[in-house]
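*Asks:* Sequence:
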Amino acid sequence: MADFTDHLTDKHIAMVEAQPVFFVATAAPDARINLSPKGLADTFRVLGPNRVAYLDLGGSGNETNAHLLADGRITLMFCNFQQPALILRIYGTGKPVLPWESGWEEISQHFTLLPGTRQIFDIAVESVQTSCGWGVPMMDFDHHRETLVKYHAQADPLEWAGKHKRRRESIDGLPTRPTDRYIAGTMPSAD
9 MADFTDHLTD KHIAMVEAQP VFFVATAAPD ARINLSPKGL ADTFRVLGPN
59 RVAYLDLGGS GNETNAHLLA DGRITLMFCN FQQPALILRI YGTGKPVLPW
109 ESGWEEISQH FTLLPGTRQI FDIAVESVQT SCGWGVPMMD FDHHRETLVK
159 YHAQADPLEW AGKHKRRRES IDGLPTRPTD RYIAGTMPSA D
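Just so we're aligned, residue 9 is where the sequence shown starts under this note's numbering, counting upward by one.
FYI, nobody ran anything at the bench for these hints, they're computed from the structure. Treat the hints with care, since some could be wrong.
[What the hints assert, rightly or not] DEER-style ranges, computed between Cβ atoms:
id, residue 1, residue 2, range
1, 37, 152, 29 to 37 Å
2, 57, 162, 27 to 35 Å
3, 28, 162, 18 to 26 Å
4, 111, 50, 19 to 27 Å
5, 25, 181, 32 to 40 Å
6, 134, 67, 24 to 32 Å
7, 147, 79, 17 to 25 Å
Positions of the beta carbon are idealized from the N, C-alpha and C atoms, including for glycine.
Construct all of the structure, not just a fragment, from the sequences and the given hints.
*Replies:* And the structure:
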């Protein structure tokens, strides 16, 4: 049986903070639904009962950025793979905040910036749903993969920028705002 609230409770926050992985879903009119797993250590924050955020590294695409610019809707899902069985969904609206934009200083202070950081998604929580989770398997967490962070730490910044400069739209042709990776001690340009 599903229960809804209009905010995150302390119990919700404890469950969310204990999970090593979460899932992000976005969509835009006439575009595919995008569903992405997220699991890098220490990249999700509860900033209040009606505000959450997560740190995003450069990867294979930028669908969440495009969808939020076009539509704004976002759903985050957390599954407890231990006891008690529980699924928690956060429904809201979000926006990408890029390193050179106003708002970056405020939101980035909540995170340790990693090599490859390209944006932080700032999400206004509209409602929270919990459900039983009895169909979710029990699983043990081993460890986070370090590959993506290592890739960005070792990549030549100019080569990476050239390769990804072409990615100015989603797989459905929706525009994205130009993003670049944050490199410690530097600030990417908006070009």
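*Asks:* Please go over all the hints and tell whether each is borne out by the structure.
*Replies:* Outcome of the hint check:
no.: 1; hint: 37 to 152: 29 to 37 Å; verdict: holds, 35 Å
no.: 2; hint: 57 to 162: 27 to 35 Å; verdict: violated, 40 Å
no.: 3; hint: 28 to 162: 18 to 26 Å; verdict: holds, 24 Å
no.: 4; hint: 111 to 50: 19 to 27 Å; verdict: holds, 21 Å
no.: 5; hint: 25 to 181: 32 to 40 Å; verdict: holds, 37 Å
no.: 6; hint: 134 to 67: 24 to 32 Å; verdict: holds, 27 Å
no.: 7; hint: 147 to 79: 17 to 25 Å; verdict: violated, 32 Å
In the structure shown, a violation is registered for the earlier hints numbered 2, 7, in ascending order.
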